[in-house]
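Residue numbers (the numbering used here), protein chains in the order written: chain E, 1 to 268; chain R, 1001 to 1200; chain Y, 2001 to 2200.
Take these hints with a grain of salt, some might be off.
[To be verified] Between beta-carbon pairs, the in silico distance windows are:
| # | chain 1 | residue 1 | chain 2 | residue 2 | range |
| --- | --- | --- | --- | --- | --- |
| 1 | Y | 2156 | R | 1048 | 52 to 62 Å |
| 2 | R | 1172 | E | 74 | 46 to 56 Å |
| 3 | R | 1150 | E | 232 | 22 to 32 Å |
Since the hints were derived computationally from the structure, they do not count as laboratory data. In this text, a Cβ means the ideal position worked out from N, Cα and C, and glycines have one as well.
Okay, here's what each chain looks like letter by letter:
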Amino acid sequence: MNPNHLDSADTPPVAKICGEPLMEIPQDLYIPPDALEVFLDTFQGPLDLLLYLIRKHNLEILDIPMAELTKQYMAYVEMMHAEQLELAAEYLLMTALLIEIKSRMLLPKPVATNEEESDPRAELVRRLLEYERIKQAANLLNELPQAERDFTTIQVWMEQKTLNQPPNISIDDLRHAWITLITRAKINRHHQVSRETLSVRAYMSQVLRHLHGRQQVTFYELFSPTASVAEVVVIFLAILELAKEALVAILQPEVFGVIYVRETSQST
Amino acid sequence: MSVKLVNPPETLDTQDTLSPFKTKRILEAVLLTTQEPLSVTELRKLFDNELNAALVTNLLNEIREKWTESGVELVHVASGWRFQTKAEVQPFVDRLSPQKTPRYSRAVMETLAIIAYRQPVTRGDIEDIRGVGVSSNILKTLSARGWIDTVGHRNVPGRPALFATTQAFLNDLNLRSLEELPPLDELGSLVEKNEELPLA
Amino acid sequence: MSVKLVNPPETLDTQDTLSPFKTKRILEAVLLTTQEPLSVTELRKLFDNELNAALVTNLLNEIREKWTESGVELVHVASGWRFQTKAEVQPFVDRLSPQKTPRYSRAVMETLAIIAYRQPVTRGDIEDIRGVGVSSNILKTLSARGWIDTVGHRNVPGRPALFATTQAFLNDLNLRSLEELPPLDELGSLVEKNEELPLA
């Protein structure tokens, strides 16, 4: 139990392209364009990728073919800038850093400075080491037994107490509950709900409440005169959605006549 | 790997034959984790229905026997078996600081989340999403709290009630509208997508 | 404290002298009823502080002993004592509800690790270490779980919030203090220290 999902002692494929596992990055750091997207997804960012390249190829950081790497990073940036602007910026920053290191190494060393400070790679190395340590820390944390995942706390039913003090909840609790629900991939597939559909759903409830206990209402009654354009659209979508789910019936007894909406569940 | 895979005398591997001892140990632990009563049918599922109902009932009775001297008892209510605190313990629990207020069970919270995000929904819809039955107690708890109500009925056989969240729910959560709930699409990225995870 | 071993049907009236037997019975029942861990200080309140901390701790240890053979254990975590299932029972608990508890993504776990090991940190600190932006949803997820909170603000322009881990984080990971976090090994250096730096 509790398999360590963050670790990969067995080195799983780096990525899968058209079902074919890409086991490792070719030595020349060239990544086929169609693989790039999938590939980048597996990394947390430019630092993660750089660390991977160094560890994978057993490189001394000093031996990194800076020119190649820079070229490759530029390709990532090209590829990403359309969709993931922020992430592209991170890679661009890393590219800039690599270029800076490269260029500073080509310049003659200033005489007065002490050697360690003058190595332009020192800061990058420090960051890589720090990041690697944190990755290790994340793995170790993930291995610790975790409440709800690896064990369950005990709370025996106590009638009176529950009656006296209703629990309070926050949005955070709802968020946590939903995150638990979507952990099942199935839910993810079936319930891609966006902000828009949520507001449609909210109005669906409102329309049903409005109809409740009435024979039928005219279509126009469902729109508040003060509603904004956006609201009108959403209410309209809500009515259509209700009709689609067979929760309301939309009737127009006469051609060009008044349109009525009624609850389908109402006994007629 | 998990820290504590060790356990004194025997492990609880189902592959092995289930000794009554092991079975009781599992039944007891599982019943202690749930506040909702569990029926014998549900409890049999724990063991892939390998144990018959009479046997499970016998074991439950043995567990009940074992607990009689304690401040907690195993009781058989309409919908199944559950552990509950004896009334005489109540005064002691009341002395605890009020911050130890009860929390809603996971089942209640998940049901509420589904109603909030997917409304209007029927009980069947909720069960589809949760993949497990929703006891009417859960829905009663939420409507007693004034957080959900029935806004209509779906026009299908049985005419199941459609649940939606109420204004009181928004008020109690300090929300002006449902749109202020955290958007779901963004929440999805926070959990692992599938079992295989990337490299170290 | 009179140590008279008495017969079961005794009531749990505090007016009487508390026998260790009664006391343990109450402690056990209250701990089974409360999901949150209870500290010795809180547990002493149950008996109007009539029992000293050492005695309560002894009794708790005796209760822990008594439970070792079962599928449930009494553990001592950051905020106190609580009952929880042993890891080996979890697969059975999971069978009751098909809902899997979230396994957080790498981004979430790395953020948590930085906060746990480098606290207090600002969002900027986290981004510096990870080399990539940290979405506010990650931080919200961790605070929704109750694992992190804001402990102050750094006195720099913008006064960014400082995040730290909470007691609930320690409790949920079965830890008593941050010192119990797994130690981070010194990792092998990426550069040979004394090597002369060749130009790439």
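Cross-check of the supplied hints:
no.	hint	result
1	2156/Y <-> 1048/R: 52 to 62 Å	59 Å, holds
2	1172/R <-> 74/E: 46 to 56 Å	52 Å, holds
3	1150/R <-> 232/E: 22 to 32 Å	27 Å, holds
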